[in-house]
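Sequences are here, hints too, so could you generate the full structure?
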Amino acid sequence: MKVTFPHMGNMYICLKALLTSLGVEVVVPPMPSQKTLTLGTQHSPEFACLPLKINMGNFIEAYEQGADTILMAGGIGPCRFGYYAQVEREILEDMGLKMNMVVLEPPQKHLSELLINIRKVTGNRSWVDIVRAIRFAWYKARAVDEVEEILHRIRPREFEPGSADAVYKKALKWIDDAPDRKELKKAVEAARLELDAIPIDREREVVRIGIVGEIYVMLEPFVNLEVERQLGRLGVEVERSIYLSEWINDHLFMGLLNIKGSKEARKLAPPYVNHFVGGHGQETIGSTVLFANRKYDGVIQVQPFTCMPEIVAESIIPTVSRDLGIPTFCLIVDEHSGDAGVLTRLEAFVDLLERKKEKSAVPESTEKKGEQVCLDI
Amino acid sequence: MFGYLGIDVGSVSTNIVLIDEDEKVCDSLYIRTQGQPIKAVQKGLEYIRGRISDEIVIGGVGTTGSGRHLASIIVGADSVKNEITSHAVAASNLVPGVQTVLEIGGQDSKIIILRNGVVADFAMNTVCAAGTGSFLDQQAARLNIPIEEFGDIALKAGNPVRIAGRCSVFAESDMIHKQQMGHNLPDILAGLCDALVRNYLNNIGKGKEILEPVIFQGGVAANIGIKKAFEKTLGVEVIIPEHYDVMGAVGAAILARDAVRKTGTTSFKGFGVAEEMFEATSFECKDCPNLCEVIQIKAGGQIMARWNDKCGKWSNAIGEKKKIS
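Line by line, the protein sequences give chains A and B.
Using my numbering, the first residue of the first sequence is number 1, and each one after it goes up by one.
Using my numbering, the first residue of the second sequence is number 1001, and each one after it goes up by one.
You may find that some hints are simply not true.
[Unchecked claim] With a Cα cut of at most 20 Å, we get these calculated PhoX-like pairs of lysine-lysine:
| hint | chain 1 | residue 1 | chain 2 | residue 2 |
| --- | --- | --- | --- | --- |
| 1 | A | Lys170 | A | Lys185 |
| 2 | B | Lys1208 | A | Lys35 |
| 3 | B | Lys1208 | A | Lys356 |
| 4 | B | Lys1262 | A | Lys359 |
| 5 | B | Lys1313 | A | Lys170 |
| 6 | B | Lys1313 | A | Lys173 |
| 7 | B | Lys1208 | A | Lys169 |
Hints in this document: simulated from the structure, not taken from any laboratory.
Shown next as structure tokens:
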């Protein structure tokens, strides 16, 4: 049995750790690329959202490398994602690709539901081994997130664009290669040292933007046109409303671990959204409120074209923006997105925020009435 | 005396303006880009060089539009800015106190909301070009009337017909239907103007607070029918600035002036670039399955810039090591 799974940002690192430490042979699909997208769109219903198309591309590419079993996440609620595992299985069957699909539904009542599903892939390993493997995978997720948070801080301040990204790329490899917790700790430490050694401009006043929206688009850089890197180059510090380990805790561990998660965001969503609207619609609103409370300069919502929960959120965000005085911008991605147009809009949004920030820093009286103000660069 | 050049390289046209120290437009120029942005910029510079008076020294140059990076490398720009910011800068400088900018160009349309002279919000068309100038161009061509006369004919309408504005394909079939029913030309044209304005306000302007003064710029502002349709729908006066069709370039020139005031010197390479041979080539990078088509610009055998790679391997390897913005 050769097991594969869809890509979602750095999740492959945890899943690979989980499965290999249980002695399962893993085929990590090639990182999403133009080829993945082309394959995916060719074999997906046109009206499906981008995540399904990338999933399909991942599976086909993994099949080409010999994978025969897919570990796929399920889901509940009005978001179409919960149905994707089934649709994808049918498509693969129609294509004549023989692959098993194991669907990890979020546990409804007890964590054991998850374990039973995992066991479908791992065979007769003991429960102790499985729990140990899950813990190890969890630590990898934390390690990735830790490094990413440093990256977000360094990127807008580095003197030489691209240096933090180069270290980050290496660090991911170290984390991925670490065979046990001791090595993992060393990898994170090494990454931290190297990132901190990058010369940065400590005086630089950076604009801070919170990224909210649909989880898949948020976590997968290929899909969101590397919005974080693009913003970093524009001198913006970004923070996502959710990180990988938080998502795992929320969705697979039933939020049992005591770390920051979507609970806080959901609590802040009323009175704008008072109940679950599917996907992360409620969290998108709550996180926007949270970023506004934390005095962020702006919020960018990302979503795949036709995403219902995010469309609900999109229509509510202007009210939040008006009430709390935080500028917002919505980035919708689909297969066609050329990045020049996106970059133009991001640049304009950052200009807006920078200008607003400067203006609020200068006391009003220094500006004569009627005098024209010019947007600065 | 110092003059500042603004160059707006768009998909349809390349506009160049020359402003003086006080933001007065001394000269402006409109060239069809025709898919050859480098040639268009060179031709434009050649033309400006021939008309510029001897007293004026170029003190700075700014670029904007979708070809701004390319143009900036050719001319040695002091500021490279996106078209949204440039349009906002021009609008707030030429029409002090402006609060809403409606902009409709050939391929894109945008709305910019300004408060206290600062951009507070903006939107730009994303997936659809239905509400833009090229749609009007097509329909005018279909009806066999010159686009310049479109607006004046529309003004003669007594009873504008209702045409679906959501999608240009639907609009066209709706329009054909109305023609076959026997409606006269002015009514149909006025209906088209209404449809475009409705579409624009529903798609681009949705949820935005449109306050006076409202200005309308971009190529489509030449169409008086659209202006009237905006005024009718919004119930406010719509101002069309004198240089409505080159506002992006005006903004770029103003930004260049401000940039030079900060740095003290201009990096303008001089009008000589009009004769220089630039060679744009592209190659496919085969290092990963993204197969990016990397573009490189060469001058005198030397590579000046590369871009269009997803990972930044090629674009970071040479060129400016500084923050873009």
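Comparing the hints with the structure gives:
| no. | hint | in the structure |
| --- | --- | --- |
| 1 | Lys170/A / Lys185/A | holds, 15 Å |
| 2 | Lys1208/B / Lys35/A | violated, 39 Å |
| 3 | Lys1208/B / Lys356/A | holds, 18 Å |
| 4 | Lys1262/B / Lys359/A | holds, 18 Å |
| 5 | Lys1313/B / Lys170/A | holds, 15 Å |
| 6 | Lys1313/B / Lys173/A | holds, 18 Å |
| 7 | Lys1208/B / Lys169/A | violated, 41 Å |
Hints 2 and 7 from the earlier list are contradicted by this structure; the remaining hints agree with it.
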